[in-house]
Amino acid sequence: MTILLDVADVSKLFPVGGGPGPLARFKRRFSGGPEKLPKVYAVDDVSFTINKGETVGLVGESGCGKSTLVRALTRLVDVSDGSIKLGTRELSLKPSRVFARDRDRARIQMVFQDAGESVNPRFTAFDAIADPLRRLRKMHGKALTERVETVASQCGLPLPFLSRYPHQLSGGQRARVGIARAIAVEPELLVLDEPTAALDVSVQVVILQLLQRLKKEFGMSYLFVSHDLSVVRLLCDRVLVMYLGKIVESGPAAEVFEHPLHPYTQALVAAVPRLHENGAGRLRLTGEPRSPIDPDPNVCRFYGRCPLSAAMCKTTMPKLRRFGPRQVACHFAEEFLLVPKA
Amino acid sequence: MTTAAPALSVEGLSVEFRTRSGIVRALDNVSFAVDKGETIALVGESGSGKSVTAYAAMGILDPAGKVTAGRAMLGGLDLLAAKPSQLADVRGREIAMIFQNPRTALNPIRTVGRQIADVLIRHGNVPRRDAPGHAVDMLRAVGITDPARRAKAYPFEMSGGMCQRVMIAIALAAKPSLLIADEPTTGLDVTTQAVIMDLVNDLAKEMGMATIFITHDLALAGQRSARIVVMHAGHVVENAPTEELFNHPRHPYTAELIAATPDSAASLDELASIPGSLPDLRRTDLPPCRYSERCPRKIDACAQPLPRSTSASGHMVACWNPMPERIAAAPTESAA
Amino acid sequence: MTDITATPQREGGVTALFRHARYVIAENPVTGFAFALFVLIVLAAVIGPDIVPYNPLTSDTAQAMKPPSAHHWFGTDQLGRDVFSRVIVATRLDFFIAVASVALVFLMGGLAGVAAGFFGGWTDRIVGRIADTIMAFPLFVLAMGIVAALGNTVQNIVLATAIVNFPLYARIARAEANVRREAGFVEAARLSGNSDWRILAFQILPNVFPIMVVQMSLTMGYAILNAAGLSFIGLGVRPPTPEWGIMVAEGAAFMVSGEWWNAFFPGLALMVAVFCFNLLGDGLRDMVDPRRRT
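Residue numbers (the working numbering), protein chains in the order written: chain A, 1 to 342; chain L, 343 to 678; chain X, 679 to 972.
Just so you know, these hints were derived from the structure itself, not from any lab. Be aware that one or more of the hints could be misleading.
Chain X stretches covered by chain A per the calculated footprint, using a threshold of three residues with CB under 8 angstroms from any CB of chain A [to be verified]:
1) 762-772
2) 878-886
A few chain L residues that don't get close to chain A, going by computed Cβ distances all over 10 angstroms [to be verified]:
3) G407
4) T446
5) A516
6) R650
Think of the CB as a built atom: it goes at the ideal place given N, C-alpha and C, for glycine as much as any other residue.
Chain A with its partners taken away, still in its complex shape (with noise of 0.2 angstroms):
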């Protein structure tokens, strides 16, 4: 198993509102040492690995930083601290602001919720694939033209619908145009950023089976990021669970979402629609989550909202420990190993 992405003590942290403007940040460097500025930890000190071939998914609710960190590792936005290795390559050190232009872009690709949305309404669904193309590859003319074609059949989108502009496509054929775009460029990694949340049920199978297919064909590595976990469990070898800027538990899906070990992923599990199970009576979180602003680097993240809560949780952050093939960052986990599976 080598290692495709390794990502080790990566940080994000945004100046809350925006931040000081320039007028009063020209004033700061007179009144002596920066004092310190409100911040949001969108992502605070995530470290994993994804494997060549490997399916990672990535699951998390709401301000749980997901968005942030797959920006960040698709060199989008740039990291606060922390180092993303792709190979041998250290993709940190240069500033996404010029990484556009870099050799190693095509090596990261990403396909993004909703075609609707990243595909420019003026062009047409050739365009759309043509552009990586043509910008990262230098390809253009008769080759460039095949290569469009070649892409677009392999994602099941039929020849003539190329002409088409992404409002004239279903919510299904523009998923394609995203997927045959993403991978025109032949990535090493592949990020999905909810690729099948705006597509009806039906339709979500055909694209999921369509993804499985192109990744064991030119194998691709896949960080699959989800709200739903029913899809996670079936497309992903492995998963990570993000809490409020943390990774707070990771393992193989099949186990995580059967055996959850922390408060969190077992509330996650537990609310989570299943078809033949009622509704009623499960494990509920309550209240809202913890401010992502300078939070206590002592206390845990959930603490507060975990039905555990314990005094050692407000005192010591909990670290992300090895099970096994499970990480776990909760103090009461081997309690929860213990556990028989329901």
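For this one, chain A is given, so just place chains L and X on it according to the hints.
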């Protein structure tokens, strides 16, 4: 099945929309009923007509839409034939609706407390003076902490989950006998979704209120409803108690829908997509069964007008060649 | 998201545009009328000077101040020049002023605006301050000042009009760019190897253009009025060049003595042109507004 009159009975509802490219026959002869205090789900993919049904019943169809046939009986009143003044009285007092995007469904320039009070004054027979106090009580009832302070807040200051709670408070303020919830949890986190659905279920039970829950998520529908009505391309294709529907689906579309739901499969390869695609509802030559063109069980009889057969256990299916009764078409119950 | 709208349409962007245009015109005949009028004006501007019966500059004092007749449809002015010919020939100049002003302000304001909206930060602040400075002056006074300072030439009139309209275009462009800055397709473009400038030029600007087009047609009307106004007070085009504004100015003095045709016809032409451009703007907005589609 009770013999008392249902809370809402939709009978033979047909709706058409005038569009630039032709007339869309959005609903064709839709019939179903909700008993008092019952929670049912209206399930279907996009284009099935489930939301149109609700909007037609509430009288808030898009101006391009027209009800061409049918009744929607709320007690003794036909909502589709009622005068606007009658409708205005009934809406809020007897029948209420909550929508998909909570923040946009709320008035952005009125505090949430005022919005609840508005309903109380208009429909709840609460004197103007007492309304703000009752509004705070409603906020507490829907689980908003510090309700007195929150009543003075504006929608943009609240999270999506909180806005949805406010919308529920507004809908239930005048204690209607029927609540229609149109995809109320789409866009919310799954943990928030669970809490909101718990809330709606609990309040409904407390108030003896009937609920029609519209969703595309079959698993979600199953968890929360006693009965499920499956719609396809403007038709009701099946109507059965939940467990019965999942374990013994009779309409081919229902079976395919279940087989396409991720939760029903142990691996990706087991998931089945639904063959074909929705027919174009603008066609004038639509077959009587709108699923027949993509149905693997199609027979010659399918060219005739749709039958509707209801079993003794209350399982209705509209099909000439339904799956046989009592066959375990569902996957075996998996652990956890 | 319904499949109802996803039926095969074998048409690309331009054919769809024509069909949509036909639909809008059918829905609102006034728009069709505006389009037809616009074509007429363009025709007058392009071939007018070649087909007019009289030379607009030739004076014939014997024929001075004659009322409209079979020989002179719009009568003659105080120097015996045919008013009709002058009005038609003036179309070219006024139309040129309109088009040039609009093109210039679109380039200046549009580019500055999208850059401000897209990059934010200092770019945004500087463009904002420039716009604020311009807006601090009453617009016509500012135009007067610019032309007075730089000289009475057509180029300066065009420049003055463009400067005066700069804040409006910059604001529209900035708002649009701001909205689209976070759009999915901008991120996708970055992933595809587009630098920020390429994204601005090829992704954002084409999306901003349709909205600007509506404003541009309205500005055309304004530009002509502005030029006419400046000429009226002597700061615009110099005689004997035929231009609607000067003609109204010169003819105004004769209104009192009953010789109405001198000022009336150029004034009418002004009115018709501005009216046409405004109607055009309305029609274009209907065409461009996505809510009117489907």
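Checked hints:
no. : hint    : in the structure
1   : 762-772 : violated (count 0)
2   : 878-886 : holds (count 3)
3   : G407    : holds, 22 angstroms
4   : T446    : holds, 17 angstroms
5   : A516    : holds, 26 angstroms
6   : R650    : holds, 25 angstroms
In this structure, the one hint that does not hold is number 1.
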